[in-house]
Amino acid sequence: MTLLDTIREPAQIHGMTPEQLDTLATELREKMIRTVQQTGGHLASSLGAVELTLALHRVMDSPRDRIVWDTGHQAYAHKLLTGRGDRFDTLRQVGGIGGFPRRSESEHDVFDGGHAGTGVSIGVGLAAARALKARSDPARRQRIAVCLGDAALGSGLTMEALNHLGHVKYPLLIVLNDNEMSISPSVGGLSTRLNKLRLSRAYQETKSVTQRALPRVPVIGKPAFDVLAWAKEGFKRSWAKVGFFEDMGLTYIGVLDGHNLRELEESFEAAFQLGTPVLVHVKTIKGKGYAPAEEDSMSFHGASLPPIDLCVIDPTEEPLPPEAELKRKPKTYTQTFVEELIHLGETDRRITAITAGMPTGTGLSRFADHFPARFHDVGIAEQHAVTMAAGLGLAGMRPVVVLYSTFGQRALDGLVHDVCQNNVPVLIGLDRSGLVGEDGTSHQGMFMLSAMRSLPNLAIGSPKDEQELRDLVATSVAHDGPMVLLYPRDVGEDLPDHDGVPLEIGRGEVLRSGEDLLMIGFGPIVQRLLSVASDLEADGLTATVINARWAKPLDEALISEHAAGKRLVVTAEESAALGGFGDGVLDALNRAGVHVPLHKVTLAEGFVHHGAVDDLRRLQGIDAPGMLVQVRAALSVPARAKRRARSKAPAA
5 MTLLDTIREP
15 AQIHGMTPEQ
25 LDTLATELRE
35 KMIRTVQQTG
45 GHLASSLGAV
55 ELTLALHRVM
65 DSPRDRIVWD
75 TGHQAYAHKL
85 LTGRGDRFDT
95 LRQVGGIGGF
105 PRRSESEHDV
115 FDGGHAGTGV
125 SIGVGLAAAR
135 ALKARSDPAR
145 RQRIAVCLGD
155 AALGSGLTME
165 ALNHLGHVKY
175 PLLIVLNDNE
185 MSISPSVGGL
195 STRLNKLRLS
205 RAYQETKSVT
215 QRALPRVPVI
225 GKPAFDVLAW
235 AKEGFKRSWA
245 KVGFFEDMGL
255 TYIGVLDGHN
265 LRELEESFEA
275 AFQLGTPVLV
285 HVKTIKGKGY
295 APAEEDSMSF
305 HGASLPPIDL
315 CVIDPTEEPL
325 PPEAELKRKP
335 KTYTQTFVEE
345 LIHLGETDRR
355 ITAITAGMPT
365 GTGLSRFADH
375 FPARFHDVGI
385 AEQHAVTMAA
395 GLGLAGMRPV
405 VVLYSTFGQR
415 ALDGLVHDVC
425 QNNVPVLIGL
435 DRSGLVGEDG
445 TSHQGMFMLS
455 AMRSLPNLAI
465 GSPKDEQELR
475 DLVATSVAHD
485 GPMVLLYPRD
495 VGEDLPDHDG
505 VPLEIGRGEV
515 LRSGEDLLMI
525 GFGPIVQRLL
535 SVASDLEADG
545 LTATVINARW
555 AKPLDEALIS
565 EHAAGKRLVV
575 TAEESAALGG
585 FGDGVLDALN
595 RAGVHVPLHK
605 VTLAEGFVHH
615 GAVDDLRRLQ
625 GIDAPGMLVQ
635 VRAALSVPAR
645 AKRRARSKAP
655 AA
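Quick note: the sequence shown, position 356, residue 360 per my numbering, numbers continuous.
For the record, the hints were derived by calculation from the structure and aren't laboratory data.
On a predicted model such as this, the values are computed, not experimentally measured, just so you know.
Take the hints with a grain of salt, since some may be wrong.
Just the calculated beta-carbon pair ranges, DEER-fashion [as the list claims (entries may be wrong)]:
| no. | residue 1 | residue 2 | range |
| --- | --- | --- | --- |
| 1 | Ala135 | Arg107 | 21 to 31 Å |
| 2 | Pro460 | Met163 | 23 to 33 Å |
| 3 | Val172 | Gln339 | 45 to 55 Å |
By construction, the Cβ of each residue, glycine as well, lies at the ideal position given by its N, Cα and C atoms.
Can you build the whole structure from these sequences, using the hints too?
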């Protein structure tokens, strides 16, 4: 049994020796690596946060004290220290523990996260609630810490929260985990001495007395105070980070070695003793303890890993996969989208691309390689990305913003107010639309369609396959208004590559004809409808299948024409149950006076938890077999189909 195997509560590490803590840190990293080898996950960030996690739990008493993990990518060590070690091998699997903090899993998890930049606001809210407790309430002595990554610091939400925190002065520890070198470090002896000075209670008390008393000294007091203040401000501005945070009203400490456990413990404890908001800036190595992740942290940020041999130093020495595995794989929708964008960008210099901190995941890094001057990565600032695109569009460019669908939720005001209200030619590509999988409730791309359908001037499309995605991208560039394209994380249908051809906006297509029912799909789910239509033939039923292409504007004439006289209309979409494509079809049929029973195939109401996409589709009943069951149930098929088959049989 390892030392980690004995941990059930974080309080157990309070009395450990330095040698035991070193052993525990190693075991935590080995457990993460071996688990993510099987399940996938956000490995590099969590490997880098082991010591700061141990230090926080050593100076805090969770769950009485509260640790907020911004985003949650860094929280694997926290999960292992809080009683989930025996379930850690179920990470991100259906029915297993989540990849982010989840309150339903543990009382040590404060907040269900997943998106970056929310942590400081949550922490300020917790601190505000603590301040309202009675003085006799033990909760008044509760310690609260927020751990956020350096990328989240660029989020507008984080800046808003820091600005407010500096005003209200709630005691709060913010640990800035700098693992990307996006914030230049202050290192050396002077920085270390400054940190010790700021953390000294004597310094804080002297500073407070000086601020109160010196201006009251007759004649020289006010001028002397002004000179000291001027000197301090000049010194602060020579240390830009110090001045930036302290101008906001926070005490800044940094940069600390994020893998020096003793230094972290001492600094965190001293910061809590100050009774003010303190930001402690620590520098960590992303992927610490696993050489391939240290060398290529981007690839190991959130990936499914090949089998890992902890003894292998050079990953190039691993054996090649069998020849069968080297065959060309179908392209993903992400690859197809970017390929078409690059193709169009070669002849149309108006095309610019914007992403919000996700150049690799969205594929736009390839666009940046071809057209660096026309590419913008704005960091974790989705609303700015969309509103910046509106500015580019107003200036005659053809901006393309690519976001994960879940992060598009953060840009809705920019879409409404800045893009749609101004009717600007902006294309927003919502990658990872539909079920995403193992990242769970915070990352499923299921809500944007419902949120956008009511927006004036906006066209909303989704392709049935990768070639149609090329066509839709070409359509958007030729369109003088805003457009959103939704496409999944999946691979396509392995179709031959062809340049995109602009399509008529608002025009669907009939893929097969039938007499009994009409099935209309929005997006790649159309492929499953075609499978359902084939299976229904065994029941003596024939179906018309329409590829809608557009949720807005909807091809109401085509749908109404083919719905008339049918026993049932079925709509299919991989999105939320309320307010989506199916509701749009229902409204259109009512307007046309076509009164036919309608069955919507959607995701169930509520959030969808983590698991492999195929498993989630099966559980939601939106894989092809599940959709067939739904359609048969809506038609009461078993009895009716048998009667219909008998009635068509020739007489003996």
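Outcome of the hint check:
no.	hint	in the structure
1	Ala135 <-> Arg107: 21 to 31 Å	22 Å, holds
2	Pro460 <-> Met163: 23 to 33 Å	31 Å, holds
3	Val172 <-> Gln339: 45 to 55 Å	47 Å, holds
Hint check: no violations occur; every hint is consistent with the structure.
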